[in-house]
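S.K.: What follows is the residue order along each chain.
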Amino acid sequence: MAPTTGGPAPHHLRTRALAVETNQLVKTYPGGVKALDGMELAVESGIVFGLLGPNGAGKSTTVKILTTLARPDAGTAAVAGHDVLRHPGRVRAAIGVVAQKSGADPVATGRENLLLQRRLYGLRGAACARRADELLARFDLADAGNRPVKGYSGGMCHRLDVALGLVHRPEVLFLDEPTTGLDPEARAAMWEEIARLAGEDGLTIVLTTHYLEEADRLAERIAIVDRGRVVVEGTPDELKGELRGDAVHLELSEAVADGAEPPLRDALTALPGVHEVAVDGRRVSARADDGAAAVPTLLTALERAGAAVATATVARPSLDDVYLRYAGRSFDEAEAAAEAPVPAGAAGGVR
Amino acid sequence: MSATLTQTWYMTQRQLMAYWRQPVFLLINLIQPVIWLFLFGSLFRKITDLGGFGTGSYLDYLVPGIVVMSALSSNMWAGMGTLEEIERGTLNRFLTTPVSRGALMNGNVVSQGITTAVQSVIIVALGKLGGADYPGGITGLALLIVASTLLGTVFGALSNALGMLVRERESIIGINTFLLLPLTFLSEAFMTPSLMPGWMRHIADFNPVNWALVAGRSAMAEDPDWADVATRGGALLALALAAVWLSTRTFRSYQRSV
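Taken in order, these protein sequences are the chains called A and B. Position 217 of the first sequence, counted from 1, bears residue number 217 in the working numbering, the numbering being contiguous throughout. Position 203 of the second sequence, counted from 1, bears residue number 1203 in the working numbering, the numbering being contiguous throughout.
For the record, the hints were derived by calculation from the structure and aren't laboratory data. Check each hint, because a few of them may be wrong.
Unchecked claim - The list that follows gives simulated cross-link-like pairs (lysine to any residue, SDA-like), each with its CA atoms no further than 25 angstroms apart:
id	chain 1	residue 1	chain 2	residue 2
1	A	LYS150	B	VAL1024
2	A	LYS150	A	GLN100
3	A	LYS150	B	GLY1089
4	A	LYS34	B	LEU1104
5	A	LYS101	B	SER1257
6	A	LYS150	B	LEU1026
7	A	LYS34	B	TYR1254
8	A	LYS150	B	GLU1168
9	A	LYS101	B	GLY1102
10	A	LYS150	B	THR1012
11	A	LYS101	B	LEU1104
12	A	LYS101	B	VAL1258
13	A	LYS150	B	MET1080
14	A	LYS101	B	ARG1021
15	A	LYS101	B	GLY1089
16	A	LYS101	B	ALA1117
17	A	LYS101	B	ARG1252
18	A	LYS101	B	LYS1128
19	A	LYS150	B	MET1017
20	A	LYS150	B	ARG1169
21	A	LYS34	B	VAL1166
22	A	LYS101	B	GLY1051
Next comes chain A alone, as it looks inside the complex (with noise of 0.2 angstroms):
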């Protein structure tokens, strides 16, 4: 299925129940910033869904909406298959929500912190403390279950707020930039972590965040947003797929004369599934359909010209490549723009 600009799957395309449904939201903030403008998504149950954008977007205004924060100005949404606006009852037992900043009790312990997440979803007693053992020893965290949290590491943190939004076992779960502010190391146990949360059974997992890497490792569909509204939606590859193959680079041992360019060039242009030759001096690049099997069709056309090649390296390409052609502008420039002053009473709204 090749990607869909501006919306959802068609309806004949839906096999699966909609774990999240939006049509049209709009939401303007006091100040007129637009934050969402005609917002619209699908995510089809049981999978991890990346909301893909720079800051200012509309990612956190979104997951505000469908976790009931917030109120659209104009538009519906369904999560779980409860409206957000007619039922927000169903849809809060439904979901888990891991915001940005999630808030845990500092003088409370971790284990006091998940005891309380559960108490407020109606259960009691023994079962309660089942569940919160069950989490701290999964998430790593048995050992300082009953220190206070003020005492715990940024990792410790982040990894106790996913636990408080799976206490309850939820439908679907919302993680908020779960990576934002990480250390590495932190962050590539997040990574794994939200990998094998995507494993179980049933759970929707949608994912915001403005880190292409993120979005690309995790999430097995994509919808990248720019200035409120979804502009492209796909899996990773169809997405990256849309641009027109893999970028080749190759780098000679000796760089090729300059009369000898133009032939080398419409040599390897001839070669089935090679595009975009460019030869400057010792580098060689090429768009390849398939990068990994152009390489070596490239290698014998070169060393049959005469050249010898030092290296050689294929790349995807990259969803800040994807952002590019559909958002009309870069994600950095697009992050910058976010960033610019916004008008007096809107500030810290739009996110």
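Chain A is already provided as a structure; the job is to place chain B on it using the hints.
M.R.: Below, chain B without anything else, positioned relative to chain A:
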């Protein structure tokens, strides 16, 4: 309804535990009244010679004043806690669970009420240790504590509302430092009304801090003036309900602004 009650208890428990686990706050809240009792007690000891205090010992007169002042000053800071919970993300975390929104608000009110009552009891006991006499007996003391708790609820709820509304520590600090002393000294906390300038007495009539003092002191008298207790106590109750209502409204508007 019973779910709301249970959840209110969870939230109350959580707040009380936080208080209990930070002994520094506990200590400060206890040491301060002791200092006031000692300081004002020594400074104004001879003032009862002027008459009109209804007692020869200034300490007898002072204890309700310190009880009420402490209830006011500790509850005024409630908004700081609320602000911290907002900034830490705790409030939003609770709001995405099925917990009753009422329980979230009530938890604050009940835990502050309990803290104020306990603080008041301790001050009364300290006063007793220092030799204060309470002619109204246990009923009078109980009513003083109820009055101080109601006053605490008024200012605790208003402070919470302020915290949710302005979301700035500086505003809470500014308003509190601005209000605490005028509210305290424009009342009969430390001075009998018969020795107050007339204009001050008139202002004091409209000061809720003074209502708590009049209600408490009247109830503590050997021969209580129940009409004073009922009118001031009733006014405090009405004001407390209004303040809680206002803070619930503010809570709703906070939810809309998330």
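S.K.: It remains to establish, for every hint, whether it holds in the given structure.
M.R.: Verification of the supplied hints:
1. LYS150(A) - VAL1024(B): Between LYS150(A) and VAL1024(B) the Cα gap is close to 16 angstroms, so the pair holds against 25 angstroms.
2. LYS150(A) - GLN100(A): 17 angstroms, holds
3. LYS150(A) - GLY1089(B): 15 angstroms, holds
4. LYS34(A) - LEU1104(B): Roughly 31 angstroms between the alpha carbons, so the hint for LYS34(A) and LEU1104(B) is violated.
5. LYS101(A) - SER1257(B): 17 angstroms, holds
6. LYS150(A) - LEU1026(B): Measuring from Cα to Cα gives roughly 19 angstroms; hence the hint holds.
7. LYS34(A) - TYR1254(B): Roughly 19 angstroms between the alpha carbons, so the hint for LYS34(A) and TYR1254(B) holds.
8. LYS150(A) - GLU1168(B): 23 angstroms, holds
9. LYS101(A) - GLY1102(B): It holds: about 23 angstroms lies between the C-alpha atoms, which stays within 25 angstroms.
10. LYS150(A) - THR1012(B): 20 angstroms, holds
11. LYS101(A) - LEU1104(B): 19 angstroms, holds
12. LYS101(A) - VAL1258(B): 14 angstroms, holds
13. LYS150(A) - MET1080(B): The given pair, whose Cα atoms are some 18 angstroms apart, holds under the 25 angstroms limit.
14. LYS101(A) - ARG1021(B): Roughly 23 angstroms between the alpha carbons, so the hint for LYS101(A) and ARG1021(B) holds.
15. LYS101(A) - GLY1089(B): 5 angstroms, holds
16. LYS101(A) - ALA1117(B): 34 angstroms, violated
17. LYS101(A) - ARG1252(B): The given pair, whose Cα atoms are some 21 angstroms apart, holds under the 25 angstroms limit.
18. LYS101(A) - LYS1128(B): Violated - the C-alpha atoms of LYS1128(B) and LYS101(A) are around 47 angstroms apart, more than 25 angstroms.
19. LYS150(A) - MET1017(B): Answer holds: LYS150(A) to MET1017(B) is near 14 angstroms, not above 25 angstroms.
20. LYS150(A) - ARG1169(B): 21 angstroms, holds
21. LYS34(A) - VAL1166(B): 23 angstroms, holds
22. LYS101(A) - GLY1051(B): 59 angstroms, violated
Hints 4, 16, 18 and 22 from the earlier list are contradicted by this structure; the remaining hints agree with it.
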